[in-house]
Amino acid sequence: MSENGTGAVTFALTGRVDSLNAPELESQLMERLAGRAGAPVVLDASELQYISSAGLRVLLRVKKTNPDMTVTGVNSDVYEVLDMTGFTELMTVEKAYRTVSVEGCEEIGRGANGTIYRIDRDNVVKVYNNPDALEDIRHEREVARLALVLGIPTAISYDVVKVGDSYGSVFELLNASSFSKILAEQPDRMDWCVKEYVEMLRKIHGTLVPKGKLPDVRITALGWAEFMRDWLPEKAGEKLVALIRAVPHDDHMIHGDYHTKNLELQNDEVLLIDMDTLAVGHPIFELASIYNSFVGFSEYDHETIKRFQGFDRETGLTFWKKALAAYLGTTNEMKLREVEDKARVVGYARMIRRSIRRGGLDTEDGRAEIDLWKGELLELLDRVDDLTFDPDELELEALVENLPWVQEFIDSHLESTDCPPKAQMQISLAAEEIFVNIASYAYAPEKGRARVRVEVAGDPVTVTITFLDRGVPYDPLQREDPDVTLSADQRDIGGLGILLTKKTMDDVAYEYKDGQNILTLKKKI
Amino acid sequence: MLNVVNTFENGTARVDLEGRLDTVTAPELEKQLKDAMDDAAELVLGMEKLDYISSAGLRVLLSAHKIMAGKGGALKLTGVSDIIMDIFDTTGFSEILNIE
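Respectively, the protein sequence lines represent chains C and Y.
Take 8 as the starting number for the first sequence in my numbering and just add one per residue.
Take 2 as the starting number for the second sequence in my numbering and just add one per residue.
To be clear, the hints were calculated from the coordinates, so they are not data collected in a lab.
Values in this document were obtained by computation on a predicted structure and should not be read as measured data.
Keep in mind that the hints are not guaranteed to be accurate.
[To be verified] In silico DSS-like pairs for lysine-lysine, Cα to Cα no more than 25 Å straight-line:
{"no.": "1", "chain 1": "C", "residue 1": "K429", "chain 2": "Y", "residue 2": "K50"}
{"no.": "2", "chain 1": "C", "residue 1": "K520", "chain 2": "C", "residue 2": "K454"}
{"no.": "3", "chain 1": "C", "residue 1": "K202", "chain 2": "C", "residue 2": "K313"}
{"no.": "4", "chain 1": "C", "residue 1": "K202", "chain 2": "C", "residue 2": "K328"}
{"no.": "5", "chain 1": "C", "residue 1": "K242", "chain 2": "C", "residue 2": "K454"}
{"no.": "6", "chain 1": "Y", "residue 1": "K77", "chain 2": "C", "residue 2": "K429"}
[Said to hold, decoys possible] Which chain C residues face chain Y? A few, computed with CB under 10 Å, are given here:
{"no.": "7", "residue": "E38"}
{"no.": "8", "residue": "L40"}
{"no.": "9", "residue": "T395"}
{"no.": "10", "residue": "V407"}
{"no.": "11", "residue": "N409"}
{"no.": "12", "residue": "P411"}
{"no.": "13", "residue": "P428"}
{"no.": "14", "residue": "S435"}
{"no.": "15", "residue": "S447"}
{"no.": "16", "residue": "P489"}
{"no.": "17", "residue": "D490"}
{"no.": "18", "residue": "G502"}
{"no.": "19", "residue": "G504"}
{"no.": "20", "residue": "L506"}
For every residue, glycine included, the Cβ atom is placed at its ideal position computed from N, Cα and C.
In isolation and in its complexed conformation, chain C is listed as follows (with noise of 0.2 Å):
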């Protein structure tokens, strides 16, 4: 018997423990107790073979004046018994672990908190990173289960091992493939691989969390802006805080570390793996994390992604960008452009923040790479005015050569409906000339952004589009109508646009609010 530095009182059992020995037992424990009523006990049963009821007995009588009872080092006989008999609610009960060795395993998936490897045929080991996993292991096993509950297919460990100095968990993922593995090996695949991707980012992203479940994102993310303070200008890292605090509050679930792989094919079945990052949140903080996995991480040095993902930077550029596409529903350019830039902001805050704590700025290397992130996020930080994005509404650059765009943007709106094709045309003309006009104007001879918000609604229905801008007041309807009656010579070549918008819309609005021009096109189809 010995003490510790907290007072505990640790005790061997060893053996069998039976009804003949356990009085001799009970009479070890109580005098060593003696005088320590209410002190921690720590048993160590890697040496017990088995234990009998009478044993059980023994074990309750002691927790009566030493309710704090722990039972350490339990092989898996024992601990059955311990389970069967609910003793393992009674008291903290921890199982030994068996040992099991990854050399020579083929490494099939490395996240934030450790690496999966291939131990056989039909099994596969998660080695935590902190030697200190056991509550880590716990964390991961009950967001699993919570995952699986709400309809995400996810294997769930079922043992515990020993693995060197860290712990691992085992998972059964029989003849399995990593997303990345096909991707590296059947690039022909490709287009299969994002859309079993992208349709399970959109399960992962629909499924609802109940409130307290699962960690907020948007206070870690927050965290890495605050530390980003320290490394940024002044405005800037006010304005990044400021971005991500406005971020709305969304409790559907995010994966948090979701690259390929950690993604499984097993037989024909998708499978999701490494689920301790698992948090709920706006999905601009998935898509964040989602950049640095295939573009930002390698950024700096291409060869990054072949030693973490197995694929090449081509390959990661072109997967990252079919996905976006498919996750949003669009082709439309200037639609990824916005979202991936609001998504770099959050990705770039992270990678610096973990590359400065990580030692990145004691190599050449390591601060080459930080200086080449911090460039992008100071020239996002600049133009990027909010985090979040709607299907409905397109951010981009008010430039005129970006005109198809916006009318691509409307058109895809326009599509399901049964717009005929002459008020789509009027709808677009109105468009162009709006749009134009900001562009030309609105922030000359500097550049600014537009926004275009596209509704369609109501019985009759109706189009409504509306055009944001930063720029100088400008009320384009305040222009005198052309005379139109006028012959070729006579007639001034302007003012046409927005004769052609007032006379095809139903409704021309403008206001100037908050800071912004505001113009809204109505029209029933």
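Given the coordinates of chain C, work out where chain Y should sit on it, guided by the hints.
Chain Y in isolation, oriented as in the chain C frame:
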């Protein structure tokens, strides 16, 4: 996107338009028309495959009309669709331009 096909025969320049004539594509057409009009007594714009025209396109047509008229020639539009005709009507262009 605007596709432009130029042909020249017996003093008549013919320019067939396909696609969208808008703020983005109008400057390029304007340049091409200036070249086409150089030696032409008549400019014919084939509009059969034109899907869209905005005020920026109308400006190009008006300026071509003025240039041709200025040198005693003519601008003629052919194959104008109903949808585009509506725009000409609204803006008074149907009164100014020579539409077949």
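Going through the hints against the structure:
no.: 1; hint: C/K429 with Y/K50; result: 15 Å, holds
no.: 2; hint: C/K520 with C/K454; result: 20 Å, holds
no.: 3; hint: C/K202 with C/K313; result: 22 Å, holds
no.: 4; hint: C/K202 with C/K328; result: 12 Å, holds
no.: 5; hint: C/K242 with C/K454; result: 20 Å, holds
no.: 6; hint: Y/K77 with C/K429; result: 24 Å, holds
no.: 7; hint: E38; result: 94 Å, violated
no.: 8; hint: L40; result: 87 Å, violated
no.: 9; hint: T395; result: 29 Å, violated
no.: 10; hint: V407; result: 6 Å, holds
no.: 11; hint: N409; result: 9 Å, holds
no.: 12; hint: P411; result: 6 Å, holds
no.: 13; hint: P428; result: 6 Å, holds
no.: 14; hint: S435; result: 7 Å, holds
no.: 15; hint: S447; result: 9 Å, holds
no.: 16; hint: P489; result: 8 Å, holds
no.: 17; hint: D490; result: 8 Å, holds
no.: 18; hint: G502; result: 8 Å, holds
no.: 19; hint: G504; result: 4 Å, holds
no.: 20; hint: L506; result: 7 Å, holds
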